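Each chain, letter by letter, is given below.
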Amino acid sequence: MNLRTNKWATWWRGWLSVAALCAVLGQPTVVVGQMLDDDEIITPDLGDMQDALRDVFDRVWAPRRRYADSPHMRSLFREVVTDAARAIVQVRVGGRQVALGTVVGPDGWILTKASALGLEDSPRCRLADGTVHSARVVGVDRDFDLAMLKIEATRLVALELSSAAVRVDRLVAMRTDSTTEDASSDTASGREPTSAEQGPARDKTESQPDPMAESPRVDVSREQLPRVGDWVATVGRGRDPLAVGVVSVTPRPITARPGYLGVRLSNQPTDGTGVRVEDAVQGGGASDAGVLAGDVIRAVNGRMTNTIEALKEAIAARSPGDAIDLEIVRGEKVLQLRAILAAWDLNQAERRALYQNRLGGQLSDRRFGFPTVLQHDTALAPKDCGGPVVDTEGRLVGINIARAGRTESYALPAEVVASRLVDLMSGKLAPLTFAEPLSTESPSK
Amino acid sequence: MPGLSRFLQNATPDGAHTGHRRVTRHVRAWLAAGAMRRAAGVLGLAVGVLGTVGIAAAEKLPKEWYLISAEYPPTARATALAIEEPLAAKLKLDRPGSLDELRAVQAQVRRVVELATPATVSVELSDSLGSGVIISSSGLVLTAGHVTVEPKRPLWVRLPDGRRYRGRSLGVNHRVDSGLVKITADPPAGGWPSIPVADNAAQAGDWVIALGHPNGFVKGRLPPLRLGRVQMLEDCTLSTDATLVGGDSGGPLLNLRGEVVGIHSRIGERITSNFHVPIKEYREDWPRLVEGRMTGVPDGEDPAADRPLVGVSLTSDARGPLVSQVFPGSPAAEAGLQVGDRVVGWNDEPIQSLAQLTRLAALAEPYQRVQVLVERAGESPPNEANRLENGPPQRLNLVVWLTRVDRRFPGLASESSGSQAGSGSDAYDEDPR
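Residue numbers (numbering that gives the first Met the number 0), protein chains in the order written: chain A, 0 to 444; chain B, 0 to 432.
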């Protein structure tokens, strides 16, 4: 569908360019014809001809450089993203990129978009130096859709979101573990580094990409929080940003939509052990996860679901695109299954809205229900979520978390992300592990 | 024939029966009209509403609210922002040269947002939802034609802070997708927040700011800003890479001076295909828009089936036509026609017979304003209360703002079901008044 459209557009554009050329070539002839009538020879004014030529072209063809998100525009942001790009990793599942990751700790801590991992427990991370590492999911915050990955590595270039700085200042610095102390003390002083201070450091990192090199530090005080209309660049793994856009709306909560597991439940009591599944809808999240008719759902995300109401409540708390962990009793066995919630069937108006929002690119499945996000107009690919966005000064604005519509992408504000780091790293939000997917312990009765 | 009762409506000879085929032909012709539009895929941006917005509640409509000065641009308008010189010079370049230049653009964009956000509104009708922008302190709102669909419809205008005010749609031009709305509620002290319209057309490469309510009004969200540049200029269309989506229809496209240069209209399949109605289309069409006329018909409708409606039944006697019934809420009732009035003039033409009046009315254009001269029996003078006859008849010149025959009029149902090609405007429910 997409391919056909592109071909079609190219075809038209080609023909229109030819038409434009004909029109341009035709113009001087007309001018000359008039001159002959007047029996006068006037040299055609070159400026006028250029203007006429441009007018004709403006009607039929838009050069690529005119896009607000053109390669040229992105290259202007090179100086403010080059350093941050060294902290970006590619998060891969099944050999394909599913998200970007941001290195937030030099010893292998990587922040990414949780729902992008799907059912995967051990995604792979390709670092800036090209090496690929297997990662563990050590923490998942489903409210913000953030996941913390851990790889076995040290002395990585990390983007620091100093949680200590959140109260007064926010520190965004490129550093290695050796410079931690310096960075924090600078933050406390609230000093704005001058360009002179930044300049040499940047030159150094560009000329010799050594992780140990001293990197520029930038402080962000509350007064400098992004405003509507500010440029934001989405940092990728290259030297130029992946895309540029502007802040559309200052941070606000996004309403949740209930997720849909795709099961029909039985009203028959099950001795208080759980809720019996009468039928798992074909193609629904439960059916894909392996839930069968007759299974008893005993717990969701570690919470007991003794009644239908409790189960509904547990599921409705999560959004479409979220993964939930089910504890299932099947006969004598207890199973741990992970299912991805789907969206409810759309009505006609919603289908129409979804169709329009998908014109021009795909959307993230998990795009509803965030405690707070900053909306920007960057045309972001869902697989490029998980990386940072920076402003014209190279300050961290936030972490991209969803492509939510044709006009909107969401980023979690930097201070919000910083406030989640400790919980994500400490194991407080550790996901249930499936070391033995089909454990055979007998259900407690 | 005494007792003859008929609607004054334009009975085209073949309109009623060939409706469906005509619709298909019309739509095809329209798609072929703009080559680029066809390549990009044309799409209206109003959001269809399945529920009903409560517009039916009691409305206090000021009398003759629609008599608006046809001046363009409206005098009571806000002043544009200045662009400081270093930026102004650099903006002429086709591509920005440095990050510093972008910082200057950013500073200007912040100022424009501050100026334009209060004037960016949501326009809400019973069956569609779009955006708009207030351009005069008296409450004139520019919007897209497919948002209001028809003139004279009651609607709500919602300011970014969530407050709703009553309004009515004025003129609509379906050929270019322009529309005008008047806020009929009393203006706040100091008038409505407004922004200026641009005198000069946008040029290819200009930085432009899109505001509006993508996906409809969201409580607690100010109109999201989108930034882009003018990509192409066609005769009735401006295309930019400032992204739009359903609900943005009617929202303003602004230049860096904070002036309206276009109104959001359609999108195509590529992210960079966003189409706007250039402001010059409003300027050129201004008298008709202010008068509340409709140009062209909504998408997918048969132009031949478009008939004017006055809203009276007539009988006739030897001296000519007499009003036998006035339908409540109709243009005739609005203008003050009464049962028993004798119609003696139609747009300065003397009326002798019912047939002549019917013919003239059939030739009228829907939403035209017609001067109807009626002769009405005078009140009985109080001191001669026992006289059998009323006082001398008085002549009244009434202005009737015609509407058009309801699409769901009994007997025309098959016709309206043929209009499936509409974009966001499939349902033409006449709003309850």
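Treat the hints as calculated values from the structure; they're not laboratory data.
This structure is a prediction, so every number in the text was calculated from the model and none was measured.
Hints are supplied without guarantee of correctness; some may be wrong.
Here are the in silico distance ranges between beta carbons for each label pair [unchecked claim]:
1. B:187 - A:237: 24 to 32 Å
2. B:202 - A:71: 14 to 22 Å
3. B:106 - A:94: 40 to 48 Å
4. A:249 - B:94: 42 to 50 Å
C-beta: ideal position from N, C-alpha, C; glycine also.
Each hint tested on the structure:
1. B:187 - A:237: 24 to 32 Å: Cβ of residue 187 of chain B to Cβ of residue 237 of chain A: about 51 Å, so the range 24 to 32 Å is violated.
2. B:202 - A:71: 14 to 22 Å: The hinted range 14 to 22 Å holds for residue 202 of chain B and residue 71 of chain A, with Cβ atoms some 19 Å apart.
3. B:106 - A:94: 40 to 48 Å: holds, 45 Å
4. A:249 - B:94: 42 to 50 Å: violated, 29 Å
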